[in-house]
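Quick note on numbering: the sequence shown equals residues 81 to 357 in our numbering.
It should be emphasised that the hints constitute simulated quantities derived from the structure, not laboratory data.
Treat each hint with caution, since some may be false.
Unchecked claim - The list that follows gives simulated cross-link-like pairs (lysine-lysine, DSSO-like), each with its CA atoms no further than 27 angstroms apart:
1. LYS240 - LYS257
2. LYS326 - LYS275
3. LYS275 - LYS240
4. LYS240 - LYS326
5. LYS121 - LYS240
What the hints assert, rightly or not - Using C-beta positions, here's what the derived DEER-type ranges look like:
6. ASP114 - GLU320: 26 to 32 angstroms
7. THR249 - ALA295: 25 to 31 angstroms
8. GLU320 - GLU106: 46 to 52 angstroms
9. LYS240 - GLY152: 24 to 30 angstroms
Glycine included, C-beta positions come from ideal geometry on N, C-alpha and C.
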Amino acid sequence: MKRRKTIYGLLGSLVLLSTNVAAQNEAAGTLTVDGETVEIKYGYADVYEGDVTVILTDSEVPREAIPDRTYGLGANGDFKGIVFSVSAETQELQTGGWHDLTNVVHFHPITNEQGEIGNPTLTTTRFDAEWLEGAITTGGPTDVSGHQVSYEASFSLSLKREPLEVTITGVSDDPSKAYEGWCRALMAGDFEAMKSYVTTEVAEMMAVADSAEIAEGLEFQQMMMPTNIEIVSSTVDDGEATLELKGTRAMEVSTGTVQMVHEDGRWTVGEQSWSSE
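Could you build all of it, start to finish, from the sequences and the hints given here?
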């Protein structure tokens with residue numbers, strides 16, 4: 081976490097507006113909880129440091145919700161399915177620590193209770209930089225937190241990074257336009273364009289930073305940033321501007337503040353912060 085915070089500070093709260101979701105994904109199977117069955121029809125994958133989080137569901141999940149906001153959607157009843165993580169090193173289910181909290185079954189029907197995933201068997205037939213294919217099954221009903229749970233599903237999921245759309249509305253003065261340009265550059269993955277929207281000092285630091293460390297920091301910010309942003313107000317005072325923002329991402333609503341700096345005839349993005357409501 082310390083490395084992530086270092087990059088977070090260096091890039092001034094940068095966010096890479098993309099995620100690992102592709103239209104070619106396929107998933108098929110069933111999830112049964114206490115005798116009630118739903119059909120698994122959708123599959124999604126998110127890659128972090130080579131490991132893959134897999135979401136298999138009966139309903140579509142918004143791209144901007146994957147992976148972290150998936151759990152809130154499941155608890156709200158927006159989909160039923162299973163979530164698990166696959167280790168790039170062992171090609172087996174991730175267990176222990178954080179993964180014991182994230183490997184869950186989104187129960188059906190009414191309570192939408194999240195429970196442990198049980199002890200399934202995972203089989204991978206392809207796992208490389210582009211695709212993850214395989215199947216997961218409990219092999220029959222198993223007791224999970226007092227519920228009889230069984231699931232069996234196959235999946236073929238693209239691991240290719242695809243752009244994630246961002247919507248920006250509201251005030252359109254020069255500082256706001258510069259902030260929008262910064263967001264667009266990030267969405268396009270245009271690193272050189274990103275540097276044109278930050279201060280000279282930050283751009284120089286970015287130029288000599290380790291590329292792998294920057295990529296890690298950007299990926300971390302991907303999970304934090306709203307994808308629908310409204311610039312509520314822009315206050316300009318003596319070469320600086322403060323943008324007040326509202327944002328949404330899946331079910332999460334947040335507010336933000338961005339400090340803009342006028343430097344060498346252009347507006348640049350300084351510090352920004354977001355907090356969830």
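Status of the hints after comparison with the structure:
With a C-alpha separation of about 30 angstroms, the suggested pairing of LYS240 with LYS257 is violated against the 27 angstroms cut-off. Under the criterion of a C-alpha separation no larger than 27 angstroms, the hint pairing LYS326 with LYS275 is consistent with the structure, at around 24 angstroms. The suggested pairing of LYS275 with LYS240 holds, with an alpha-carbon distance near 25 angstroms, which does not exceed 27 angstroms. For a cut-off of 27 angstroms, the pair hint linking LYS240 to LYS326 is broken: about 30 angstroms separates their Cα positions.
Distance hint between LYS121 and LYS240 is fulfilled; the C-alpha atoms sit about 20 angstroms from each other, no more than 27 angstroms. Distance hint check for ASP114 and GLU320: the Cβ-Cβ separation is about 59 angstroms, which falls outside the suggested range of 26 to 32 angstroms. Checked against the hint of 25 to 31 angstroms, the C-beta distance between THR249 and ALA295 comes to roughly 29 angstroms, which is consistent with it. At about 51 angstroms, the CB distance of GLU320 to GLU106 agrees with the hint of 46 to 52 angstroms.
The given range of 24 to 30 angstroms is respected by LYS240 and GLY152, whose C-beta atoms sit roughly 26 angstroms from each other.
In this structure, the earlier hints numbered 1, 4, 6 are contradicted, and the remaining ones agree with it.
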